[in-house]
Amino acid sequence: MRIAVIKEEECQAPDSCDYICRDVCPPVRQGFKDTVFVRENGKAGITEDLCISCGICVKRCPFDAIRIINLPDELKREMTFQYGINTFRTYNIATPISGSIVGLVGRNGIGKTTNIKLISNTLTPNFGEYSSSHTPEDIIKRFRGKDIQPYLTKLYKNGLEVAVKPQEVELLGKVSENLENNRFGLIKSTLMNRDTKTLSGGEAQLVAIAKVMDKDADVYIFDEPMNYLDVTQRLAVAASIRNNLKDKMVMVVEHDLIMLDYLTDFVQILYGSDANYGIVSHVMPTRNGINNYIKGYLPDENMRFRNWEITIKKTLSVASDRTIVSWPEFSVKMGEFSLETKAGSLYEGDVVGVIGENGIGKTTFMRALAGELETSEGKLDLGIKIGYKPQFIQRFDSTVSDAFLSINPNYERDTEFLSIINKLEINKLLNKNIKTLSGGELQKVAVVAALMKDADIFLLDEPSANLDIEDRLELMGIISSFMNTRKKCAIIVDHDVLFLDSVCSKSILFGGERGVNGMTDEIKSTSSAINDFLTRVDVTMRRDPDTLRPRINTKGSRLDLEQKERNEFFAESASHK
Numbered sequence: 000m001r002i003a004v005i006k007e008e009e010c011q012a013p014d015s016c017d018y019i020c021r022d023v024c025p026p027v028r029q030g031f032k033d034t035v036f037v038r039e040n041g042k043a044g045i046t047e048d049l050c051i052s053c054g055i056c057v058k059r060c061p062f063d064a065i066r067i068i069n070l071p072d073e074l075k076r077e078m079t080f081q082y083g084i085n086t087f088r089t090y091n092i093a094t095p096i097s098g099s100i101v102g103l104v105g106r107n108g109i110g111k112t113t114n115i116k117l118i119s120n121t122l123t124p125n126f127g128e129y130s131s132s133h134t135p136e137d138i139i140k141r142f143r144g145k146d147i148q149p150y151l152t153k154l155y156k157n158g159l160e161v162a163v164k165p166q167e168v169e170l171l172g173k174v175s176e177n178l179e180n181n182r183f184g185l186i187k188s189t190l191m192n193r194d195t196k197t198l199s200g201g202e203a204q205l206v207a208i209a210k211v212m213d214k215d216a217d218v219y220i221f222d223e224p225m226n227y228l229d230v231t232q233r234l235a236v237a238a239s240i241r242n243n244l245k246d247k248m249v250m251v252v253e254h255d256l257i258m259l260d261y262l263t264d265f266v267q268i269l270y271g272s273d274a275n276y277g278i279v280s281h282v283m284p285t286r287n288g289i290n291n292y293i294k295g296y297l298p299d300e301n302m303r304f305r306n307w308e309i310t311i312k313k314t315l316s317v318a319s320d321r322t323i324v325s326w327p328e329f330s331v332k333m334g335e336f337s338l339e340t341k342a343g344s345l346y347e348g349d350v351v352g353v354i355g356e357n358g359i360g361k362t363t364f365m366r367a368l369a370g371e372l373e374t375s376e377g378k379l380d381l382g383i384k385i386g387y388k389p390q391f392i393q394r395f396d397s398t399v400s401d402a403f404l405s406i407n408p409n410y411e412r413d414t415e416f417l418s419i420i421n422k423l424e425i426n427k428l429l430n431k432n433i434k435t436l437s438g439g440e441l442q443k444v445a446v447v448a449a450l451m452k453d454a455d456i457f458l459l460d461e462p463s464a465n466l467d468i469e470d471r472l473e474l475m476g477i478i479s480s481f482m483n484t485r486k487k488c489a490i491i492v493d494h495d496v497l498f499l500d501s502v503c504s505k506s507i508l509f510g511g512e513r514g515v516n517g518m519t520d521e522i523k524s525t526s527s528a529i530n531d532f533l534t535r536v537d538v539t540m541r542r543d544p545d546t547l548r549p550r551i552n553t554k555g556s557r558l559d560l561e562q563k564e565r566n567e568f569f570a571e572s573a574s575h576k
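Residue numbers (numbering that gives the first Met the number 0): 0 to 576.
Do not take every clue at face value.
What the hints assert, rightly or not - Below, a list of computed lysine to aspartate or glutamate pairs in the EDC-like style, where the Cα atoms sit at most 16 Å apart: (1) K422 / D545; (2) K486 / D545; (3) K294 / D545.
Said to hold, decoys possible - Cβ pair distances, simulated, as ranges: (4) S418 / H281: 17 to 27 Å; (5) N426 / P26: 26 to 36 Å; (6) E300 / E328: 19 to 29 Å.
By construction, these hints were calculated from the structure, which means they are not laboratory data. Where is the CB? At the ideal position from N, CA and C, for every residue including glycine.
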């Protein structure tokens with residue numbers, strides 16, 4: 000089976016291209032004119048049954064808009080949905096399970112959101128027959144014998160109530176106007192009269208989650224619920240979902256492997272080619288599913304979907320003894336909030352993590368180092384140049400390439416930046432307008448834009464947000480290598496423990512009370528800082544023996560009690576399954 004995908008945003012026909020794909024197509028030149036044709040909207044179209052998969056149009060398209068992909072013929076009967084001619088399609092379907100939490104894991108652009116729409120009845124399966132409609136009876140019949148059939152029968156005939164927390168949080172009005180009764184207590188009373196426009200990213204995420212949980216539904220779906228939440232909030236949300244929705248059908252899309260493992264009972268892997276097609280695996284127990292995803296191989300289906308294995312290892316930079324920046328002990332007062340910091344120094348090659356809850360001064364600390372805030376020592380002038388990537392990234396009207404050129408006119412001649420751009424697949428985005436980028440694409444562009452600045456220290460606020468697991472892994476190595484080769488240093492604020500453990504050799508632990516005060520510990524090893532943080536929240540983590548990924552222990556379990564007994568809240572070595 001052959002599929003052809005033409006990305007409409009990239010296809011510049013007929014304005015800037017006179018259908019070169021049609022001119023170079025061998026079947027067209029042999030008389031099979033319908034192989035490449037002009038669609039009603041003026042874009043090129045490809046008849047997949049006539050395509051011979053020569054790849055000439057792919058190579059000759061000046062806008063990199065065409066993909067020709069060969070797939071096993073047996074997949075054809077498994078197609079669930081296709082948006083239109085030469086567009087993304089998905090095979091198989093995500094499957095909610097009564098009384099269980101099912102996780103969906105896979106790259107961005109692989110069909111997770113499409114599957115959410117299919118099981119919430121926002122989209123209906125069309126089996127690739129996008130020009131015709133299908134009755135509920137026909138759809139149910141087409142899935143006869145599949146695990147999803149009983150669910151779809153209930154969805155279409157019994158009117159299942161489905162509540163969805165989308166990836167992008169959009170709230171209007173006061174917090175209280177978005178919640179029926181805050182029945183699970185996720186939102187503090189002090190937030191209820193706030194306007195949603197004034198909320199931080201973490202606060203808005205909590206309100207969106209609480210808004211969905213307040214609904215009396217049969218099925219609850221959470222698309223990336225952990226973005227912008229700190230570790231304490233992530234644990235609270237996971238516990239609330241598990242305890243309060245245990246008799247419901249729950250589905251969660253999440254890229255934080257630690258939280259995905261902690262929250263879900265089962266996992267389905269989505270694989271394929273991002274923006275081209277996606278395949279949904281069978282349901283697997285969570286530990287097996289995550290480990291199979293890391294290995295890139297589905298043993299039960301004898302399917303290798305990635306030709307390399309994700310390695311959970313530290314990609315730490317090597318710090319020298321040359322000091323790049325030092326700061327004195329200082330305090331910051333902002334309204335009712337106060338921050339007390341200890342003195343510190345960063346050395347060439349240092350990548351230092353910042354660990355702590357939201358609302359206790361992490362961003363205030365970074366802004367003070369940048370000289371933006373008045374401190375007890377006045378505005379700090381540390382004699383360094385700073386590259387800053389904020390938590391919230393502003394979209395603006397520019398192509399990615401033009402934005403990069405405005406920061407570094409010579410980036411196209413810098414082999415290291417070209418390598419970074421290729422590794423993060425930003426090379427596919429260079430001609431795109433920043434306003435049109437997805438959340439993950441925008442995040443990658445913003446991180447690279449910060450690294451392009453002429454700076455001594457790079458302050459990166461939540462660089463892993465919206466990134467899939469592969470991109471997070473790639474970014475870990477990029478940051479470490481960049482600080483080593485450029486002899487720079489970085490401070491990273493993030494809430495993904497796996498990310499911080501892998502990329503940061505040292506960390507600063509923040510304490511305090513949300514919105515009231517914050518204070519920093521001295522800089523120490525990241526494992527010690529994470530251990531101290533987990534001690535505060537009374538959570539222990541072990542290492543998976545097969546992949547070495549951190550896993551949260553069940554409270555009161557043998558491993559939990561044994562690790563607490565030896566004050567090892569964050570295990571450095573693998574433990575039992």
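Tested hints:
no.	hint	verdict
1	K422 / D545	26 Å, violated
2	K486 / D545	35 Å, violated
3	K294 / D545	10 Å, holds
4	S418 / H281: 17 to 27 Å	37 Å, violated
5	N426 / P26: 26 to 36 Å	30 Å, holds
6	E300 / E328: 19 to 29 Å	58 Å, violated
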